[in-house]
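Student: As a plain string of letters, each chain reads:
There are 4 protein chains.
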Amino acid sequence: MSFNTFGKFFRFTTWGESHGPAIGCVVDGCPPNIPISEKEIQIDMDKRRPGQSKFTTQRKESDKVTILSGVFEGKTTGTPISMIIYNEDKRSRDYETIKDKFRPGHADYTYFKKYGIRDYRGGGRQSARETASRVAAGAIAKKVLKEIIGKKLNIVGAVVQLGVMGCDRDKWSDLEIRKNPFFCPDKSSVKTWEKYLLNVRKSGSSCGAVIELRAKGVPIGLGAPIYSKLDADIASALMSINAVKGVNIGEGMNAAYLSGEENSDEIRGKSGKIKFKTNKAGGILGGISSGQDIIASFAVKPTSSILNSRETINKKGENTKISVKGRHDPCVGIRAVPIGEAMLACVLLDHYLMNKAQCSN
Amino acid sequence: MSFNTFGKFFRFTTWGESHGPAIGCVVDGCPPNIPISEKEIQIDMDKRRPGQSKFTTQRKESDKVTILSGVFEGKTTGTPISMIIYNEDKRSRDYETIKDKFRPGHADYTYFKKYGIRDYRGGGRQSARETASRVAAGAIAKKVLKEIIGKKLNIVGAVVQLGVMGCDRDKWSDLEIRKNPFFCPDKSSVKTWEKYLLNVRKSGSSCGAVIELRAKGVPIGLGAPIYSKLDADIASALMSINAVKGVNIGEGMNAAYLSGEENSDEIRGKSGKIKFKTNKAGGILGGISSGQDIIASFAVKPTSSILNSRETINKKGENTKISVKGRHDPCVGIRAVPIGEAMLACVLLDHYLMNKAQCSN
Amino acid sequence: MSFNTFGKFFRFTTWGESHGPAIGCVVDGCPPNIPISEKEIQIDMDKRRPGQSKFTTQRKESDKVTILSGVFEGKTTGTPISMIIYNEDKRSRDYETIKDKFRPGHADYTYFKKYGIRDYRGGGRQSARETASRVAAGAIAKKVLKEIIGKKLNIVGAVVQLGVMGCDRDKWSDLEIRKNPFFCPDKSSVKTWEKYLLNVRKSGSSCGAVIELRAKGVPIGLGAPIYSKLDADIASALMSINAVKGVNIGEGMNAAYLSGEENSDEIRGKSGKIKFKTNKAGGILGGISSGQDIIASFAVKPTSSILNSRETINKKGENTKISVKGRHDPCVGIRAVPIGEAMLACVLLDHYLMNKAQCSN
Amino acid sequence: MSFNTFGKFFRFTTWGESHGPAIGCVVDGCPPNIPISEKEIQIDMDKRRPGQSKFTTQRKESDKVTILSGVFEGKTTGTPISMIIYNEDKRSRDYETIKDKFRPGHADYTYFKKYGIRDYRGGGRQSARETASRVAAGAIAKKVLKEIIGKKLNIVGAVVQLGVMGCDRDKWSDLEIRKNPFFCPDKSSVKTWEKYLLNVRKSGSSCGAVIELRAKGVPIGLGAPIYSKLDADIASALMSINAVKGVNIGEGMNAAYLSGEENSDEIRGKSGKIKFKTNKAGGILGGISSGQDIIASFAVKPTSSILNSRETINKKGENTKISVKGRHDPCVGIRAVPIGEAMLACVLLDHYLMNKAQCSN
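Protein chains in written order, with the working numbering: chain A, 329 to 689; chain E, 329 to 689; chain G, 329 to 689; chain H, 329 to 689.
Treat the hints with care, since some could be wrong.
If several chains are the same, the list does not tell them apart, and a pair holds so long as it fits within one copy or across any two.
[As the list claims (entries may be wrong)] Subject to a maximum C-alpha distance of 25 Å in a straight line, what follows is the list of computed DSS-like cross-link-like pairs (lysine-lysine):
id	residue 1	residue 2
1	515	392
2	684	403
3	429	474
4	480	684
5	474	684
6	474	605
7	519	544
8	403	598
9	605	403
10	403	388
11	429	601
12	649	499
13	479	441
14	441	544
15	479	684
16	403	643
17	499	480
18	507	441
19	474	644
20	507	523
21	403	375
22	441	375
23	392	605
24	605	644
FYI, nobody ran anything at the bench for these hints, they're computed from the structure. The model shown is predicted, which means the values in this text are computed figures rather than measured ones.
Please construct the entire structure, taking both the sequences and the accompanying hints into account.
Tutor: What follows is the structure in structure tokens.
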């Protein structure tokens, strides 16, 4: 069972609701003797933190992470690392208007039907606020990977499509990603995207996004066929993120359109080194990493809470309408970038440890 | 850990290599007192069985399933159900020509690098032959679901895209799917597809496919947030199938292009009944089934083993070429239809049991 | 994997070290709509709380539990319940004298050899302080069981042997257990035990104990053969408690001395009711509860930290001596009673939910 | 969940009923490149095989094990190892006399109440025949351990008490164990035991036994606190064996009688080597192996099926009597020796792999 726990060997369990006193997670299975500090984790937290630009949610949260256990004198001890993040912006809004309505596109209806009870404040457990805990766990995973594998391991994500607007993926720049508020990897697209998203916001609507993740320096051999294939675990990890509806590995859905010649990455050897001529597979063959870059992408649906009025029902089954008051978040997909990176880091570390157990001597 | 085991509550463990004496699986967690027979399971096995048309692999296997345990006097007993399928077409081909080469697009290279050893005969464990075991497990899952939930529950899959050829999904007919060798749901596309695929085969190449799965009659409330979300588990299940590179739930990757208005399914109530106006979400909200049809699709890459010569290396790292002799399978995606159905059935039963434990009284 | 997580369906993950800022646990898989309050949980916490009599450790902790998530308007929501207990008595003792020494009978040496690092303050993670989290989780399990099964379900533990001093188990009184500082079930033994333990303490030594747990009103059918047998899971649960070295179910080790006639509990039926003539099996047959009282007992070894000097080594491998200064805890076994009850409650609820999933209709 | 699966990293899933066509198991997580043959496994199978002396069951089974997958050219490949053992002695006895009766001391009643159905032939799934699969899995575990750790690792079990008859554990001889039909380690007790057991058998009764397991050469650091402690996992493993009612680690239940001085094993260092003065802890401190010999013992209850008539009920709840016809097995505990060894080997390998993943660099 793994209701609120992710991972097999490197595992984290998240807890907390949007408007409860706090959220947090417990990381278990972290190797000992890894130097780690709250400060390092906070860097990743800040990438996901709300309210950083006018293009994302305006909720005010400092998202300060505190380590409660598992780290002693600056190093992990091999025991569980408990982290807590207090909820600050939980002002008593007028939830009366929405507490009995099911917001379309949200999980209000399904949570209520499943559990017979739900914390309606800000979406409760279904809120994307839970993902802050993932980012904290992912920051630890990244640090462990760097300590064990070395600096060459690098995981970077970017928004490669914003609503109907694409970008030139060949112009991908890690540096550029950190510079613009969209995590856009192609400098030449930033201006257009800005204009587009402002329009979306003004119109009271929202748009989706596609996020691409690239992991360089991943060792060969990660992934445990058949039912812990690396790609299957990445798919599960990314699909578990709020609002994600599709996951691709390498060419992904597009692979259906290719011919056998186009799709299978030919291999060449030269003075003891192996080189694939292409990377349609996204760095994974038969569920096992091939040493090529891991490429995965996922689609985030448009924000469901918009200014424009939507039809729905209330708890009694009566027809009613609903709309968001004040400012809204025109594209929840943007903030999914650090979350995707965190999840990929956790999957890679999990498989690294698994592989060490089974296949190393 | 779940190397070769799928599922949490309703679980199956598969074993066996393409050219070993047999393959099989052990189904654990199956509820007791469910009538089940080898004959019923065989119906599903026959849908996946190779050599049924000129469009799929010509390997000759009767794929006859034998139950070794867990069923007594025609009913399940709640103890593990072991099933075995003997490999028949394992004639001693000349594997000498390929045993030391890594077929591009296959997992030969990654298996060898991971394990330091591999059964090269027909791909060994990485062979799609393993999926026969999944179909057997899925047949049991389907039967249990029908016994518990009733006849209204129905899971059907179809090929909705064959290489570059689409079809009209609005013309979907469950009946038509069973009539043509492509599991194509749209009668008007069958002829064109046949011509297209014959050309692909003749040219010595191959093509990919997109399979869509539809599950009707699924109860509300299946799916355990956060890390056992129904869609996350479906994504993992489908991505674990050989050659799958992308998974969509509902609108999937396409959701990125939609506006908030287009994408969020509005809800209407009428005389105590609830109706969603659309089903962009594919029947899953917040990882929990909403009572709408579950819609999932996945892309299968083109067959990697083709007649046309491909560049690769051998175990020594030397450059060489490889190609398939004799007849080849122009589209492995076709036979993925019953496998996808089986996996979806297993996920749904798994979550049905989980939900019963946690949320029923 | 389950490093710091206990249970399969009803699961709790504990975290925290003896002298860190706090300890706590996350309970996952708890059914929704169960009324629960911090006050109820505190009742059990207080049973385990240190410093309540001169016979147990003098550490000052209020052990106040705070719920951080998973409970809304007084009821469980089906989402994870996070609980935190702040460490209060973590005054900066002079750990210098023991930080580099391995206390015999403790896990100082093995932790250090395994992890290469350890939090030496008060034993760190190996401290019995971790069990406070178990008691909190167990309090929830008990409440859920009572809500679902009803008042007839009752779990009571007692110390049935204190060092070399036994008691008359036939005089077991639930009422008496709550009245004396030893959780002794037999009133006539209390005075003698008091005298005995005062002597043990005065002599600077310590003694072990045997705790017996009795669960009444347990439904028939709990336990999942073969590897989740109810008795196997109880054995694992109890053996995981600090300092426990042996576990018995029913007659336990004593069963070896009995004849087949003496040991197998004969069954009689009378007007539709079934009655076992004896309960040598401790209420479990083939790993499944029989409806009889569940009887389990476990032995706790004598406190390893005593006033009398003991030989040991330091981190450098040099020979040295060690002894406790000030007051010591002459019998850690006494406080194991509420912990044992908590673990048994968690196992029973876990199996109740499992059985509901698999075997109910 | 782990209904019929044992282990976390090195895992085996068993299946099969006493009188079905076959029994078997699937071993998953076995490291690759380990030489293994059916012949080696058979050696352990033969130790457990029935009908080898007049003191055990007379069922005729050759217990020949066949490997169906996971081994290629004599070596493990890292893929699941499926093994099958056909049932030979399943002659159609007259089960009519017992099919509707619940044998006291057996799981007939609880299986029937839990599942509502049971395979009554020879006990079905509850039969100790299932343990043959464990021995097969254990044989693989032992081989892997020897290959990885080396020859110094040695796991030996013996019967140290037969009913009311003890033996001198200080005279333990590994050689002697293999020479007598009781796995008795003390030559001087064999004669007396023989006389005793013949008497038990003649009287139509049965007796229990205590088995002690000793593992030498176990590396320091195995065991994952808190809920995968090595002793907790051993306890679960041994308690899962049919008819086991008690498990001790080191001094076990006896630890309750000892003083702190007697029980805590003092440590001495000498020229870089560490030595414990005693081994009361059974080689495990805080759930982690200390490098000392692992000592575990467990009690097997007397055979429940005896010649002497016992009172019971039938499926209708009516009072009746039951007794075994023909020859019976006076002490099922004897054949538990190789099963205990197998389970201990599996636990040690499981923890070895876990530890390698988490704590090695």
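Student: Determine for every hint whether it applies to the structure shown.
Tutor: Structure-based check of each hint:
1. 515 <-> 392: Classified as neither; 31 Å inside a copy, 54 Å across copies.
2. 684 <-> 403: both (22 Å within a copy, 19 Å between copies)
3. 429 <-> 474: neither (46 Å within a copy, 33 Å between copies)
4. 480 <-> 684: Both: 19 Å inside a copy, 24 Å across copies.
5. 474 <-> 684: both (16 Å within a copy, 19 Å between copies)
6. 474 <-> 605: neither (27 Å within a copy, 43 Å between copies)
7. 519 <-> 544: neither (28 Å within a copy, 45 Å between copies)
8. 403 <-> 598: neither (42 Å within a copy, 31 Å between copies)
9. 605 <-> 403: neither (42 Å within a copy, 33 Å between copies)
10. 403 <-> 388: Neither. Shortest intra-copy (31 Å) and inter-copy (28 Å) distances fail the 25 Å Cα cut-off.
11. 429 <-> 601: For residue 429 and residue 601, only the inter-copy Cα distance (16 Å) is at most 25 Å; the intra-copy one is 61 Å.
12. 649 <-> 499: Result: close neither inside a copy nor across copies, 44 Å intra and 33 Å inter.
13. 479 <-> 441: between (48 Å within a copy, 22 Å between copies)
14. 441 <-> 544: between (43 Å within a copy, 18 Å between copies)
15. 479 <-> 684: Classified as both; 19 Å inside a copy, 23 Å across copies.
16. 403 <-> 643: between (50 Å within a copy, 18 Å between copies)
17. 499 <-> 480: within (21 Å within a copy, 51 Å between copies)
18. 507 <-> 441: neither (43 Å within a copy, 39 Å between copies)
19. 474 <-> 644: neither (53 Å within a copy, 31 Å between copies)
20. 507 <-> 523: within (17 Å within a copy, 51 Å between copies)
21. 403 <-> 375: within (24 Å within a copy, 35 Å between copies)
22. 441 <-> 375: neither (35 Å within a copy, 36 Å between copies)
23. 392 <-> 605: neither (45 Å within a copy, 41 Å between copies)
24. 605 <-> 644: Result: close only across copies, 18 Å inter versus 60 Å intra.
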